[in-house]
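Colleague: So the chains spell out like this:
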Amino acid sequence: MPQFKGVDFYGLDGLLSDEERMVRDTVREWVDDRVLPVIGQHYREGTFPSELIPELSRLGAFGSNLRGYGCAGLGSVAYGLLMQELERGDSGLRSFVSVQGALAMYAMDAFGTDAQKERWLPPMARGEKLGCFGLTEPDFGSNPAGLATRARKTSQGYVIQGNKMWITSGSLADVAVVWAKIENDPGVEGASPDAIRGFLVEKGVPGFSAQDIHGKLSLRASVTSELLLDHCEVGEDALLPAARGLKAPLRCLNQARYGIAWGAVGAAMACYEEARQYAASRIQFGRPIGSFQLVQKKLAEMLTEITKAQLLVLRLAQLKDQGQARHPQISMAKMNNVETALGVARTARDILGAAGILDECQCFRHLCNLESVKTYEGTHDIHLLILGEEITGIPAFA
Amino acid sequence: MEIFALVKQVPDSVSEIRISSDPRRTEEAGIKFVMNPFDEFAVEEAIRIKERFVDARVTALCCGPERAVESIRMALAMGADRGLHAWDPAFQDQDGIATARVLAAALKGRAVDLILAGKHAIDDVNHTVPSALAEFLGLPQVNGVTRLELAADGKSATARRRIEGGEEIVDVLLPAVITCEKGINDPRYPSLPGLMKAKKKELERLTLAQLGLATSDVGLEGSPTRVTRLSPPPPRSQAKIIARPTLEESVAELVRLLQEEAKVL
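Top to bottom, those sequences are chains A and B.
Residue numbers 536 to 933, in this note's numbering, belong to the letters of the first sequence in order.
Residue numbers 557 to 821, in this note's numbering, belong to the letters of the second sequence in order.
Everything labelled a hint here was simulated from the structure, so no lab data went into it.
Be aware that one or more of the hints could be misleading.
[What the hints assert, rightly or not] Distance condition first, Cα-Cα at most 25 Å in a straight line; then the derived SDA-like pairs of lysine to any residue: (1) A:K751 x A:L829; (2) B:K588 x A:A815; (3) A:K540 x B:I575.
[What the hints assert, rightly or not] Covered by chain B, per the in silico footprint, the following chain A stretches (three or more residues, Cβ under 8 Å): (4) 594-601; (5) 604-610; (6) 710-718.
Built from N, CA and C at the ideal position, the CB exists for glycine as well.
So that you can see chain A by itself, here it is in the shape it has in the complex:
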């Protein structure tokens, strides 16, 4: 596998600090050496590359934008570049790292007690403990405000009842961040979004189990599960005290969406590079197909769209570091960049012709993965509506 040299038509490397480039190059090399040689096989067999967990932990990839607790404390650009390179490998791998860091660890860091942080963040940063994030339910996807999982306050803690669906790393996780409505909290209407609270539910607690979802044609190198909470009793200390209302899980999603916006660029870069190389070497009619105008148009459009996507996330990173990134801006980047990556992957498959459908090439795997990425963490349509509300002041989905 030749080393990946990156796609940088607008000299954006010149806007990166030495540190950011070193982070990018380190992860890039790791993905070339360790991920690309094995990911095709895992994808074919539908297995998660768990042998990479210790390596990811040695790299310090988990919760790498958090500070303290053994986390790397990366800035937003360096963190984004990490996501980009991981997803250049595979969206499933990036999803795994996103869920561990941007959803589970972030939720604990943002809303947890010191005791909860001390207990979970260091081993999670080391990859010794894995986390997942349970918000989506079988009947509540784009509409999390309506979630049906309930927690009842008892004298010892809480009893949680409900199901969570499409949970990345669900059955791998040692701890699940579960969002449920407390139905008997004085002063809060039990069915309202204000009743939504976060709980840390550990593997092995009676009443809590995870079942993997099979038959996926996308994200095959990633574990996707359903979480079942059947009269699941947890202690008082399971509650994330600072997370109140729907805003709390949405803050976590913003972190994850930010990483996806960068990750999608990585998947697009992998597909573009594969198509460019193929177009240069595939001979038809006695010359490389890259010499034909229609193929050149496709490559030109791919490069243009990737460059635009890169500019979007780089500016978003600056805003995020200044504490000025607003959630509709993150929505725009997630929506646009995943759509861009999907288009690039599809066009790459087209340029590769029949070879493009094989799993020894990357583009079709990325294409299938990106269909999930388009849907999760706020569907493409939901992000359009978030922007629609931002523009008009009128929510279309409330």
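Keeping the supplied structure of chain A fixed, place chain B upon it in accordance with the hints.
Modeller: What follows is chain B alone, placed relative to chain A:
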């Protein structure tokens, strides 16, 4: 225990090397520079020794232009404790002997227990600097080492090196210069927290004056050898495809060509 790992920055092995308008130099624009891969073995070996000997300190030592500080930082991110960067515009175009003289001056007056280096740099493949440094410092050297074991007291080491048809086992008293061959270890990737901390680690810079050297010791003046001209490798000849009607005929033709044209059979 004071361990020094020599670090050189070289063009990435996949970079396309072009000769610049000055035919003694290569074009730097568009080249990605990385730590010499053999020096990664040296840094890794140094860090592994440090992990065994609690009192050990690893210094990444480099003589190279401003940009080379990135390779020092890479060594710091991998786990070296501090960096020592010797550079002065007067060093421009100097050969390995002059570079070794600079490195020896940088180590003057410092406690040294072990110097580790890559067995050669992949750019000029000269194998000069570590050996010349050992000579300047009057230290023993073992080159192309595939396994290194330090005695418990840290006063001596046993090195293994591959030789034609076998392996040589060498005992050496420390301090010594050891150059590392591929296979000695599997260098770690720098960790992301390591990369973030690297900038905060001590980095000492040394110029010509601080090293106590004269301009006649360094640069072209201080170099017993000098590059007169670089030329690109001859273009590779086209592959020949042998396609006779049958496999037997193709093989016969291949054997004939290997005997008569290539003269290797």
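Colleague: Hint by hint, say whether it matches the structure.
Modeller: Checked hints:
Under the criterion of a C-alpha separation no larger than 25 Å, the hint pairing K751 (chain A) with L829 (chain A) is inconsistent with the structure, at around 34 Å. Pair hint K588 (chain B) plus A815 (chain A) holds up; C-alpha atoms about 23 Å apart against a cutoff of 25 Å. Between K540 (chain A) and I575 (chain B), the direct Cα distance comes to roughly 21 Å. Compliance with the 25 Å bound is thereby established for this hinted pair. Coverage of a stretch by a chain is defined here by at least three residues with a beta carbon nearer than 8 Å to that chain's beta carbons; for the region 594-601 of chain A and chain B the count is 4, and the condition holds.
Given as covered by chain B, the region 604-610 of chain A passes the check, having 5 residues with a CB less than 8 Å from a CB of that chain where 3 are the minimum. Under the rule that three or more residues need a Cβ within less than 8 Å of chain B, the assignment of the region 710-718 of chain A is violated, with 0 such residues.
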